[in-house]
Amino acid sequence: MASKINIDLAVNGTSHAVSIEPRRTLADVLRDDCGLTGTHIGCEHGVCGACTVLVDDKPVRSCLMFGVQAEGKAIRTVEGLANGDTLHPLQQAFWENHGLQCGFCTPGFLMLSAGVLEQNPDMSDDEIRDVLSSNLCRCTGYQNIVKAVQIAARELRARPRV
Amino acid sequence: MKPAPFDYVRPASLSEVLALLAKHKDDCKILAGGQSLVPAMNFRLARPAVLIDINDIRELDYIRSDDSGLTIGALTRHAAFHRSVVAGPLGAMLSKVASNIAHYPIRQRGTFAGSLAHADPASEWCLVATTLDAAIVAKSTRGERTIAIGDFFNGTFSTDLEADELLTEIRLPALGQGWRTGFYEFSRRAGDFALGMALAALRFEAGIVREARLGVGGVSDRAIRLRKLEARLVGGAASPQMIDTIAHEAWASVSPIGDIHATPEYRRDLVATAVRRALAEAAA
Chain H
1 MASKINIDLA VNGTSHAVSI EPRRTLADVL RDDCGLTGTH IGCEHGVCGA
51 CTVLVDDKPV RSCLMFGVQA EGKAIRTVEG LANGDTLHPL QQAFWENHGL
101 QCGFCTPGFL MLSAGVLEQN PDMSDDEIRD VLSSNLCRCT GYQNIVKAVQ
151 IAARELRARP RV
Chain Y
1 MKPAPFDYVR PASLSEVLAL LAKHKDDCKI LAGGQSLVPA MNFRLARPAV
51 LIDINDIREL DYIRSDDSGL TIGALTRHAA FHRSVVAGPL GAMLSKVASN
101 IAHYPIRQRG TFAGSLAHAD PASEWCLVAT TLDAAIVAKS TRGERTIAIG
151 DFFNGTFSTD LEADELLTEI RLPALGQGWR TGFYEFSRRA GDFALGMALA
201 ALRFEAGIVR EARLGVGGVS DRAIRLRKLE ARLVGGAASP QMIDTIAHEA
251 WASVSPIGDI HATPEYRRDL VATAVRRALA EAAA
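Just so you know, the sequences run in chain order H and Y. Numbered per my numbering, the first sequence spans residues 1 to 162. Numbered per my numbering, the second sequence spans residues 1 to 284.
Hints are computed from structural coordinates only; laboratory data are not their basis. There's no promise every hint is true.
[As the list claims (entries may be wrong)] Result set (BS3-like, lysine-lysine): computed pairs, CA atoms no more than 27 Å apart in a straight line:
(1) H/Lys4 <-> H/Lys73
(2) Y/Lys139 <-> H/Lys58
(3) Y/Lys139 <-> Y/Lys25
(4) H/Lys58 <-> H/Lys147
(5) H/Lys73 <-> Y/Lys228
(6) Y/Lys2 <-> H/Lys4
(7) H/Lys4 <-> Y/Lys228
(8) H/Lys73 <-> H/Lys58
(9) Y/Lys23 <-> Y/Lys96
(10) Y/Lys25 <-> Y/Lys2
(11) Y/Lys96 <-> H/Lys147
(12) Y/Lys96 <-> H/Lys4
(13) Y/Lys96 <-> Y/Lys228
(14) Y/Lys23 <-> H/Lys58
[To be verified] Quick list of simulated restraints, FRET-style, between CB atoms:
(15) Y/Asp151 <-> H/Leu87: 52 to 60 Å
(16) H/Glu96 <-> Y/His261: 37 to 45 Å
(17) Y/Asp133 <-> H/Asp33: 43 to 51 Å
(18) H/Gln101 <-> Y/Leu14: 43 to 51 Å
(19) Y/Leu45 <-> H/Asp126: 30 to 38 Å
(20) Y/Ser255 <-> H/Gln101: 43 to 51 Å
(21) H/Gln101 <-> Y/Arg64: 45 to 53 Å
(22) H/Lys4 <-> Y/Asp26: 25 to 33 Å
(23) H/Gln101 <-> Y/Phe43: 50 to 58 Å
(24) Y/Leu14 <-> H/Ser15: 26 to 34 Å
(25) H/Gln119 <-> Y/Asp259: 31 to 39 Å
(26) Y/Ser255 <-> H/Asp57: 43 to 51 Å
C-beta atoms are modelled at their ideal positions from N, C-alpha and C, and glycine is treated no differently.
Chain Y on its own, in the form it takes in the complex (with noise of 0.2 Å):
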């Protein structure tokens, strides 16, 4: 329950983080929040050579707003939206969401960023990026790109950064005029992890549903989009009626795995269920 030796760096600049990043490689983890790698590392599941801290570099602790949407920095703490971080739906969203990440002083220190790089398929904030189609920024000494959420993610724990990138930004299409969203989530106990989660982000004119968003998560080894069902939530009114088909068919489109928390057939139970409520509270 003690982590092995490592070497430990703080850089002052996001230069210096990247150089040794470069230097490092696989060798070496990135320290922001630290609330699911010390865990790691306390057990020996990980054991990196050197730990770069990146929490004395400021400019990477920001949330920007405008007419196209949030741009979160990589040092952007969970706790950071207990409050709403932009007026509308999406600020409002995020701010439920955060409220279902693990507990109040895990939030003060784990970071939205860190949560995608560490990808674990339980993850609200996965979720979020998946069903929003969040952008990704990854940096490295060999410049800037930019990743398309379902590119990110490849499975439990993986993703599509490489040994020498920094997550150092995540961006998150606005919800203007007329959206409305639900979320709902399955676990144990408060702050447990999900064992399944819906968001739903509709936007509505006149009554009926123009746009949707329709993700699940908990589930499989990644956060899900249901496509085909937000096809199907198209031209509707999100009817009671509708919004039972569409939890049923996602009951049926997913094919969860099961662990020592929740067997199979129990999560599909459970997704269904979320999808039924997340529709309902986006709907109502």
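Bound-form chain H, shown alone (with noise of 0.2 Å):
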């Protein structure tokens, strides 16, 4: 029992050889084997969503998903939003916007917003408040966050749709 298994995962991109124990989540399997600590662990249980990434495309609690189950799949975290030295339209506006303090509930909450605007471009000002319900921060009071979503989901439709 519980002897590891060799999967490659794709994260940003990039391969990573990991050899995991079945029980590790995703978001240890991030954080400790392919050293991406951009990705944080609040809760562990699915309520607080700072350990949102994207796996395929969607937006996903990774502690309620076991690394050996990314296999295959796309994955994508914080590390994966920037440019380069350009920020993502998303990072601008919370930063711009003073959509975080201490930062913590950052990465979950830029990866959220960067997943489901991408499923859905056109989303209403009250339809972002709603999604964004589905993370916790204890810092910002969420009016700055909601107010860098709507500003950078403004942004993202007035770019040239690929």
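Each of the two chains sits in its own frame; use the hints to bring them together as a complex.
Here's what the structure looks like:
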């Protein structure tokens, strides 16, 4: 029992060969085995959303998936959001609008927002607010997170669609 | 907060899943969406020796619609219902209900069938299945059987499924001409577990209710269908006065359990209001 399984994980377009116990959550695998500590672990039972990453473009709680389940999937974490030194519009909007204080929840909010806006770029402000209720922030009071995502959504909409 | 060790298998076919279930029985758990099972494992409330991941069984990922109703495969995620899956009141109602299930990222993984197999009394899909009289299809190496929803739930986290059976499919009857629905849920915050909720479906003919389905959830060890109150609604016009009467009788007919989130008295008040609002929506 509990022997390790060797798999390749595709994270932000890079292949990571890892040897992991099945019981390791994707969040732990990303942090400890891939060395990508941008994904934060808060509650470990799916409530806080700090560990949200994109799996095949869908935002999911990486504490509620096992690493072995992500074999063959395209995983995206906050480390892959910026384009080199150019921040993603969401990151820029969080910065400019004070969408973070301590920053612990920020990677989860960014990946949640990035995933949802890719699926549905035309979300209304109310829909954005509803989706953001998925994650917890203990500093900001949420207003500036909502504002940042709404502003980034407008900017992303104004860009030419690929 | 880390799961106990387990063996992980991800079979490629349904027959392999059934063979593994027959072999491991109570020592294994099926992993579909994992949005209830994995938290339970992280807390070590669940410690399966073997985890059978069915996410590669694509043949279980479907929604089929015909005149008799909807057939929902075991891998259908909550998010599949974000948009109406079938024209008419059933698809619209399922879409509204889905938006009340946890949060967007949870709905990308969690499954309709998993909710039923998990049998949480606060589950929206358990309320839908109970109120609409769903049929449950279970398969094992011994064969296939269909379970009426009235025989499916045994209580909190407990169902009629045998240890070697896989819930493969749910059948929901169609809601055709004249049906109107209403759903209302109380929870502490958006996405939280329901403290009380109600689902109503009424079939009107010339303004008169000819068929009625009324169910409540979150107030007992399983969703409850209020058949006596359904009978009271039939033959009337579901007037505001009648709806008030039914809501009061719903209040009198449930005996909620209390927990840290709500006292029994509070839940009772909530469920009466949920019934009133669900019926008012259906009658509007």
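Hint by hint, where does the structure go against what was stated? Just the numbers, ascending.
2, 5, 7, 9, 12, 14, 23
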